[in-house]
Amino acid sequence: MAMIALALALAAGPAAAQALSQAEVLQLAKDACKARDFTMMFGYFAQNDGVRAALTAPEVQIRSLAKPSQVQRTVKGAEYRDFKIAMIDYGFFDAESADRFDAGQSEALESLKLDITEQPGGSYRVAYVKAEYGPPGEDEEIGELIRTYGQPGAYLFEPRDGCWQLTRDFR
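Going letter by letter, the sequence shown gives residues -17 to -1, 1 to 154 in mature numbering (1 follows the signal peptide of the UniProt record, and there is no 0).
Honestly, the hints are just simulated from the structure, not real lab data.
Certain hints may be false.
Beta-carbon label-pair distances, calculated as ranges [to be verified]:
1. GLN102 <-> THR57: 29 to 35 Å
2. GLN5 <-> ILE45: 33 to 39 Å
3. GLY104 <-> ARG83: 25 to 31 Å
4. GLY126 <-> THR57: 21 to 27 Å
5. PRO41 <-> GLU115: 19 to 25 Å
6. GLU62 <-> LEU3: 24 to 30 Å
7. PRO135 <-> GLU90: 36 to 42 Å
8. ARG130 <-> PRO51: 22 to 28 Å
9. ARG83 <-> VAL54: 28 to 34 Å
10. ALA91 <-> PRO51: 26 to 32 Å
11. VAL54 <-> SER89: 19 to 25 Å
12. SER89 <-> GLN44: 18 to 24 Å
13. GLU141 <-> ARG56: 35 to 41 Å
No residue lacks a Cβ here, since even glycine has one placed at the ideal position from N, Cα and C.
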């Protein structure tokens, strides 16, 4: 259900941005920040390398999903390349499968189920797991959730410098 709401919220935004320049998409993401619209900003973040580079904190903490207080290591933001969520059209997919899809392997595309929750202090947590959905019904972007599978993960975006920045990666 969260995926449907997220897809509808992004209907006029990030999917249409695929034909724009990096600078234009980054400006749209910053405009979403000014409007305090995390969902819209996240869509641009998931879709665009330039937005990810601009809105990733100087350091990203890699933490245990099972023990969130446990820092496994810290990565410089400029070197962080492990973001696992990609946006294609109005859907969210496993980034590795999206790369295979872009290379012509359409059967490789794996959907994700996202759960976005606001945290104390204006931060947002984006939890994800691979998901299988049934066929969409009439006027639906996606069908009913059949099952989730694979290793779940999560990200924390904290408010910094007038926007949200990716600060933690939970595995």
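Against the structure, the hints come out as follows:
no., hint, in the structure
1, GLN102 <-> THR57: 29 to 35 Å, "violated (20 Å)"
2, GLN5 <-> ILE45: 33 to 39 Å, "violated (26 Å)"
3, GLY104 <-> ARG83: 25 to 31 Å, "violated (37 Å)"
4, GLY126 <-> THR57: 21 to 27 Å, "violated (40 Å)"
5, PRO41 <-> GLU115: 19 to 25 Å, "violated (37 Å)"
6, GLU62 <-> LEU3: 24 to 30 Å, "holds (26 Å)"
7, PRO135 <-> GLU90: 36 to 42 Å, "violated (23 Å)"
8, ARG130 <-> PRO51: 22 to 28 Å, "holds (25 Å)"
9, ARG83 <-> VAL54: 28 to 34 Å, "holds (31 Å)"
10, ALA91 <-> PRO51: 26 to 32 Å, "holds (31 Å)"
11, VAL54 <-> SER89: 19 to 25 Å, "violated (38 Å)"
12, SER89 <-> GLN44: 18 to 24 Å, "violated (35 Å)"
13, GLU141 <-> ARG56: 35 to 41 Å, "violated (18 Å)"
Checked against the numbered hints above, the structure violates hints 1, 2, 3, 4, 5, 7, 11, 12 and 13; every other hint is satisfied.
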